[in-house]
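Asker: Here is what each chain is made of, one letter per residue.
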Amino acid sequence: MAEYLIKNGFVFDPVQGIKGDAVDVAIKDGKIVETTALSSPKVIDATGKTVMAGGVDVHAHVAGPKVNTGRNFRPEDKLFTYKPKNGIERMQGGFSVPTTIRTGYNYARMGYTTVMEAAMPPLYARHTHEEMRDTPILDQGAYPVFGNNWFVLEYLKNHEIENAAAYIAWLLRVTKGYAVKVVNPGGTEAWGWGLNCENVHDPVPYFDITPAQIIKGLIEANEYLGLPHSMHMHANNLGNPGNYTTTLDSFKLSEGIKPNSKFGRDQVMHHTHVQFHSYGGDSWANMESKAKEIMDYVNSHDNITIDIGQVTLDETTTMTADGPFEHHLTELNHLKWANADVELETAAGVVPYVYSPNIKVCGIQWAIGLELALLAKDPMRVFITTDHPNAGLFIRYPRIMKWLMSTEAREQQFDAFKHKDKVIDATNLAGIDRELGLYEIAQMTRAGTAKSLGLSHLYGGLAPGLEADVAVYDFNPNEPYVPDDIEKAFLNAEHVFKAGVQVVKDHEIASNGNKRTLWVNAKVNENPQVMRDVKEKFLRYYTVNLNNYEVAGHYLPNSYVIEVDATE
Amino acid sequence: MTKTVTDVICPFCGTLCDDLEVVVSDDGEELLEVYNACAIGAEKFLHSQAKDRITRPRMRQEDGSWKEISYDEAIEYTARMLTEAKKPLMYGWSSTNCEAQAVGSEIGEAVGAVMDNTATVCHGTSLIAVQDIGIPSCTLGEVKNRADRILFWGCNPAHAHPRHMSRYSIFPRGFFTGKGHAGRKMIVVDPRPTDTASMADVHLQIEQGRDYELLNALRVAFKGEKLPDVVAGIPKEKIYEVAETLKSGRFAIIFFGMGVTQSLGKNHNIDEAIAVTRDLNEYTKAAIMPMRGHYNVTGSGQVWGWLFGFPYAVDLSRGFARYNPGETTSNDLLRRDEVDAVFVLGSDPGAHFPFSSVKKIYNRPSVVIDPHETPTTEVCKVHVPVAFVGVEVGGCAYRMDNVPIETRKVVEPPEGMMTDEEFLKRVLGRVKEIQGV
Ligand code: SF4
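Protein chains in written order, with the numbering used here: chain A, 7 to 574; chain Z, 2 to 438.
Honestly, I wouldn't trust all of these hints.
Pairwise CB distance ranges (calculated) [what the hints assert, rightly or not]:
1. Glu22/Z with Val360/A: 48 to 56 Å
2. Gln263/Z with Asn266/A: 54 to 62 Å
3. Pro236/Z with Val360/A: 42 to 50 Å
4. Asn92/A with Asp133/Z: 28 to 36 Å
5. Ala51/Z with Ala8/A: 35 to 43 Å
6. Thr5/Z with Lys89/A: 47 to 55 Å
List time: in silico DMTMM-like cross-link candidates among lysine to aspartate or glutamate, alpha-carbon distance up to 20 Å [as the list claims (entries may be wrong)]:
7. Lys248/Z with Glu337/A
8. Lys89/A with Glu107/Z
9. Lys4/Z with Glu22/Z
10. Lys91/A with Glu85/Z
11. Lys433/Z with Glu95/A
12. Lys433/Z with Glu74/Z
13. Lys87/Z with Glu107/Z
Partial chain Z-side listing against chain A, Cβ under 8 Å, derived [what the hints assert, rightly or not]:
14. Ile10
15. Gly135
16. Pro137
17. Cys139
18. Gly175
19. Glu407
Since the hints were made in silico from the structure, they are not lab data.
The beta carbon of each residue, even a glycine, is placed where N, CA and C say it ideally should be.
Let the sequences and hints guide you as you build the complete structure.
Answerer: As structure tokens, then:
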């Protein structure tokens, strides 16, 4: 394998505490090494450029059934987006829901090298893995959804944490999943009857359990197993005015629980796309930002991490396992609606959406996302996402960086709103003059996310021993720049290395890489009861036989297994 | 001694039953019995045992007779044909696994082919309707466990999807449907008195081609608005009654088939059927699902979805994917003389396309990959027999509700036979060589 020496760039690496010093980065055998370990490296002159570890996305919807529904039911999303194949670069198309090929390339072009698929319906795990297999370059993992799973509901109703944990371990193994995802706990099961659970105490029809019990139980089961990532949460009541109280109620369920993981994370709950969960008021007319209340809580509780779910003011395709929410959305915008309820497990909805700068609510949503990030006391616990493609496209991450790094850029956006004054009144953003630096950006997009995922032994920094995932951006932080320079540079990295392979060279895709799929194999004590329950439910209620459920290893041609031992 | 393979997946129809038991000889060469399958499914397995099965590729001679050729020669012919053609059509894909579909798509990308599947003559209209209005749907297990109102529209599962009603829709007892059939109301809309219709609580014997009117009338009836005395041959009282039956259910599902996708109105019918489902969600829970035919037509739409963004009729001839049904669909291309070579795998256009299209295939360089002799093999220049997917080789397939299931290999293919995927991989390799990439 080729050796590389990336010389003299301005390095931003929270893992080593390097804040823009000119440091050399050495790559050998797919890993970062000491510069002295190289014998005859190819030298890349990064003088005057920014160097960071490869980006790690903690939450995006990029592979699986609902993503593909989004692709197939929106031919209009392909308009003017198609790029013919070119050398090793394959055909690619799509805007808000790009093809798998474009997903891999576009992330790589931004210097991102690891991306987590945030919601995998277990019954569709095979599909999710097929898509990930056909996504070039990126290391990926997928989170199976648990918050409405009948096994989980029944075990947690009786507070059987050990059984829930044994079931989780089994499901992670058969689906080759990475973490415990929860979407609208209980509410999505209620959606099987066209109903919902609107707060943490709203009982789930028939199952005689509340979302609060599900959330707390899953956190406990997650810590019982000691999984690399914490429970990954999308709370009830998403997107509704006044919902910040539900969010705080959900946060509070983590109180008093300590992380039990040898993978280095400090949180027991990661709450995703918090922008959608930080609304005050009681109608769209008086909806306002409660980002401050939310961040007061996050800042003072170090067992929580969040990502922001930034609205980017684009046309996009929303998709979530929050079935009732998508129905609500189609009632609101009357655009096309796809729904897919999944037996015993979950549901999903897909609806196109336009976040228009001419609509007051969209402006408020935009401001809330940025407030969350700018009010963060610890950028290692608050991450940049768009909940791609829900609040916006992942290719807007560099634009979000621009907004976070520049009050001027934020003012420009305020000026472009039709209802500027109303947006300013309903939010706090205009009063915030904080400008983040590249070090904080590296925390929010690399070091922090890798740590929260329990992957800081692989990704997120440039310390020797870590994977050689490195991005070089044509951006000189010490020279004067206009805000748009940030977006331009970070959208289009000059060089990117993935596990030591140069995948982007002089801004062009240079290799399809050797992508890996990450999954967690948690060992637990034998649990005959859970295995009996599994057999019984498959026999009676599933339409796929138990023996045809497991995703075989060949769907993950390059799998990376993280072993966890929970047998004591 | 024999051995029994359990949990076998039936590679015939979109019901994709996965509970078959197959008895094979001890050496794994001979398939003896098939249990749990319906008659057509069982036949699919047993057919692989035909003594007169063709096991080597063959090429049509000047005088119309066949000459046996090697796989290498077949690969060479196919690769040359595809690279030399300006705009080859690569059609079929519905009766093979996703692995083969993915390799085939890469070939299509390399040679600039038009990729189309059998949806083009069955549920293509449904896919267009979904692009118009979306689709509230669910997995078949949701139907089994929750549905108490089942509507079959323009389809006849008793014959086309024989185990659908027993596995998923009418008879099974599910979690919230402990009474099975007795707890469900079954409605059939069909101009014909089919075997399915004869089982229904209500059979709306609609006038041929009047689907849109009746669907629209249901939407009117949901809102309690006025209807003419008779719509589509059905008295209004009956329509109000059916509307009430659907609204009063806890979970309603509409299954629809080619009787409505290919009759007058086409995609507009499906638009309206989906609108009926959307409307029903104002009152109760409702879903709708196309009764997909081939066991993996759904899968080819999925594979192309993630690779190209479109479920069928994908024209790659300009170096990027274009999609415009009516222009990029197989029959339109053939009849307008827009394709100069035809590759068929996993379906039988010779039996299902209009005669005018079949004649065009006959007049062009053409290859058909198929374990069977079919009307298509009769019009193609080269016939490449391959192992049966789901019998002699495994691989992923998508059920009509998009659930992916991995089919199983139960017996060995005849000595020296290739699988679809192997053949396509070799063709792809050869195409790359010819193109010098
Ligand atoms: S219903 Fe379809 S899948 Fe099931 S056994 Fe019959 S042919 Fe096979």
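Asker: Decide, hint by hint, whether the structure agrees.
Answerer: To see whether the hints hold, each was checked on the structure:
no.: 1; hint: Glu22/Z with Val360/A: 48 to 56 Å; result: holds, 53 Å
no.: 2; hint: Gln263/Z with Asn266/A: 54 to 62 Å; result: holds, 59 Å
no.: 3; hint: Pro236/Z with Val360/A: 42 to 50 Å; result: holds, 44 Å
no.: 4; hint: Asn92/A with Asp133/Z: 28 to 36 Å; result: holds, 33 Å
no.: 5; hint: Ala51/Z with Ala8/A: 35 to 43 Å; result: violated, 55 Å
no.: 6; hint: Thr5/Z with Lys89/A: 47 to 55 Å; result: holds, 51 Å
no.: 7; hint: Lys248/Z with Glu337/A; result: holds, 19 Å
no.: 8; hint: Lys89/A with Glu107/Z; result: holds, 16 Å
no.: 9; hint: Lys4/Z with Glu22/Z; result: holds, 10 Å
no.: 10; hint: Lys91/A with Glu85/Z; result: holds, 19 Å
no.: 11; hint: Lys433/Z with Glu95/A; result: holds, 15 Å
no.: 12; hint: Lys433/Z with Glu74/Z; result: holds, 17 Å
no.: 13; hint: Lys87/Z with Glu107/Z; result: holds, 17 Å
no.: 14; hint: Ile10; result: holds, 7 Å
no.: 15; hint: Gly135; result: holds, 3 Å
no.: 16; hint: Pro137; result: holds, 4 Å
no.: 17; hint: Cys139; result: holds, 4 Å
no.: 18; hint: Gly175; result: holds, 6 Å
no.: 19; hint: Glu407; result: holds, 6 Å
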